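Using the hints provided, position chains U and B relative to the given structure of chain A.
Line by line, the protein sequences are chains A, U and B.
Note that the working numbering gives residue 86 to position 86 of the first sequence, counting from 1, and the numbers run on in steps of one.
Whatever position you read off the second sequence (first residue = 1), add 275 for the working numbering.
Whatever position you read off the third sequence (first residue = 1), add 572 for the working numbering.
In case anyone wonders, no lab produced these hints; they're calculated from the structure.
Don't take each hint at face value.
[Claimed, not checked] One side only, chain U facing chain B, incomplete, derived with CB under 10 Å:
| hint | residue |
| --- | --- |
| 1 | LYS403 |
| 2 | ASN404 |
| 3 | GLY449 |
Values in this document were obtained by computation on a predicted structure and should not be read as measured data.
In this text, a Cβ means the ideal position worked out from N, Cα and C, and glycines have one as well.
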Amino acid sequence: MEKEKIIEVKDLIFYYEDKKKVLDNVSFEIYKGEYVTLIGHNGSGKSTLAKLLSYILEPIDGKIYIEGEELNENSIKNIRSKIGIVFQNPDNQFIGSTVEDDIAFGLENRNVKQQEMRKIVKEFATKVGMDKFLNKEPEELSGGQKQRVAIAGILALNLKIIIFDEATSMLDPEGVEEIRNLILTMKKENPELTVISITHDIEEAYLSDRVIILNEGKIYKNDVPNEVFKDEEEMRKIELDIPFVLKIKNELSKRNIIVPSEIKTIEGVAKFLCQ
Amino acid sequence: MSMIEFHHVSFVYNKKDPNRYDAINDINFNIEENDFVALVGKTGSGKSTLIQTLNGLLLPSKGYTKVKDFIVTGDKEIIKKLVKEKKYKKTELKNFSKLRKEVGMVFQFPEYQLFSETVLKDVMFGPKNFGFKEKEAEEKAKECLKKVGLDASYFNRSPFELSGGEKRRVAIAGIIASNPSILVLDEPTVGLDPNGRKEILDLVKKIHQEGTTIIIVTHDMETVMNYANKVIVLKDSKYLGMMKPSELFNKDDIETYSLEVPPFYKFKRYLKEYGYKKDISEANDLASLINILSEEK
Amino acid sequence: MRSDILGKYTPYNSIIHRLDPRLKFFALILLMVIVFLPFGNYTNRFIVLGILTLIIGLIMVIGRVSFSSFFRSLSSLWMMVIFLLIFMFFIPTKGDYPIYSFNENYTLYWDNLLQVAHILVRLILMIALTIILTSTTLPMDITYALDWYLTPLKLVKFPTQVVSLTISLALRFIPTLLNEANRIMNAQKSRGVDYNKGFFMAKIKSITTLIIPLLVSCFSRSDELAIAMEARGYDPYKHRTRYKSLKFSYKDLIALLIIILIASMVITFSICSSTISGFDDIINFIWGIKTI
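Extracted from the complex, chain A is given alone in its bound form (with noise of 0.2 Å):
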């Protein structure tokens, strides 16, 4: 089956007053349908390259298609209504005085009948586990709990493209891992949904379908988890670390005990070691 492109990084060039390349020619495409991570040490460009690709910052040089429209002052509204994008700070993007309020601020905006908004809050909030909270002010709710309405509200917009800009970053480990499943039932729900996570979680990392690693404004490695973590002594020269379950297989297979790769979970090593 032939892949169809929806985002496509063409050439990327960034850089502040300081003239020092954040990005560097970073070029890199995302198909319909993929949950795609990029990762990268502070300073390695990642927080740059989501700004760019939410339009916060506009590049120096280069460009960016969604679904084939480059992304520009003229398109952005369109574009705005391809994407959504949930940010690292719980609080500032929490914007309705209670979660129904927050789910519907997308749909107002694109004003839909207020019968209809009902239904789709009422639905969408079900969907993130968040029907019971429906008239809690953001001050009664957990941090997770925000970010779950957060992106709740845009799923509501039933669009193409969800980019999460550390969005874990800020909560705690229950928080953390809520969101993480999260995406993945979002993902099974949805295959259509294409999904960018820019993270620090090399956890999250390895349950995605492809990681791109960004290493001093360049694209370090682009490829399937597996592949991309293959090696811990590289991942540490550029200041990362690789997940446990892999550390683990590693040693193992060190030691002439292989793990198939499809077995990501540490659960899955340990039944797998007992048999």
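Positioned in the frame of chain A, the structure of chains U and B alone reads:
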């Protein structure tokens, strides 16, 4: 005598309200000099409330917190008793400025406490409040900025133009510049990437090695495992115990503590669960566990 | 931790809670105006205000407004009372009923004391009315009501939606910023700042240690908020539908009638009060006791 003692410490928010909320309930334990203690527990378990009794930001509704010779309490019975026994004067029990010099406290997102025109001035602010002379404060501030890895080129810069991680280090320098004997940190690494986290934690470790008692509130069990020598667990406002980190993660009933277990210990648990035959309870790091695993096969 | 804010919405389900916020808003304004109407002599004034106090008290009971938080809010009025008394003491206006005469150009009058009491009762009733509205109505609903009243301004191209959204965002962020302020204050206290101590200059200095970081955080928050709103397709100049709309039911109609009835009675009384002479003025009465 222990460095810090909690005696039946309880704290209630909105005492007379329908929203009454018992944040901590009858907490008893001691922390020794030069300990590196991690305080863990789910969000809302009372960690932040407990540490705020250490320098008198919150006064226990019942019981008291003792730090060195200082007593922190809002319990009228105890105050009455202490004054009657002539151990403390009433004014001593209400003035926390000396205590706050002893207990340095770094809050979440400490970058939001900077306000001076220059980095150096900001770091000098605390020491000057605590009675250091101008010269002394400046010396100390410079020393501490170097300790957190910011050289002389930073001294006269505005703190607001620094990066997030740098701001956080300035904030920490501002606390340690007062020379506290106890350093309390409330989730100092939230929002940082793994390298930024490591930098801050290594810094804390260095401060600890110089003789400061450390209490760190955290959700990150890797931090607990790699840095702390003791861990204290709170759950639903109550104290569950103090132990070595490895002891905690090896507990059979760790689920009941509502904590996120580090992957290594998760792996061990799964092995046990699926009936792994050999004894792995002694293995406390990956290498030794792999050794046991590979012996058999 | 939810901070305890004066007159904060309490999630009960009383009849007052369920009334249309537009009606409540209207009633608030109407009753406030009534409280400030003139009623001729002091007897009339205090009789009317007494009746209004009873009515407002009844509404507070029905709406389950916390009396304790109401009385706590009144404690700040002490400053006002002292100020008024000092004012009265130093700049006494002429009255008819002297309390004490120091010399021929300096006399204290009963009139002034009653005047202070009158102002005070009016203020207390105003506070009570405001607290009833805020503690029985969600901030968002108040915004909706306000937006509805601003609707006519749309004809002159006034961006009413922008105004109401701005207000609702401000309300939404109050608790968040209070928490933030609390955290910053704790951090500064730990660095040796004492917010209670010191005189003028020292106070100003300690306040800057709170205000500057709070502003910095506010700016970065508002920046992120604006980006998040834009990312979700917000355009201030485009029409938006509403998730919630207000419904005016028969309950509201009855409440409206009651309010209008009360108001018209009081207004009639106010208009006629100058001609009503059936009551002997309270001030005469006090004066009478004193002269005996």
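Going down the list of hints, with the structure as the test:
1. LYS403: 8 Å, holds
2. ASN404: For ASN404(U), the interface hint holds, since the closest Cβ of chain B sits about 3 Å away, which is under 10 Å.
3. GLY449: 7 Å, holds
The structure is consistent with each of the numbered hints, conforming to all of them.
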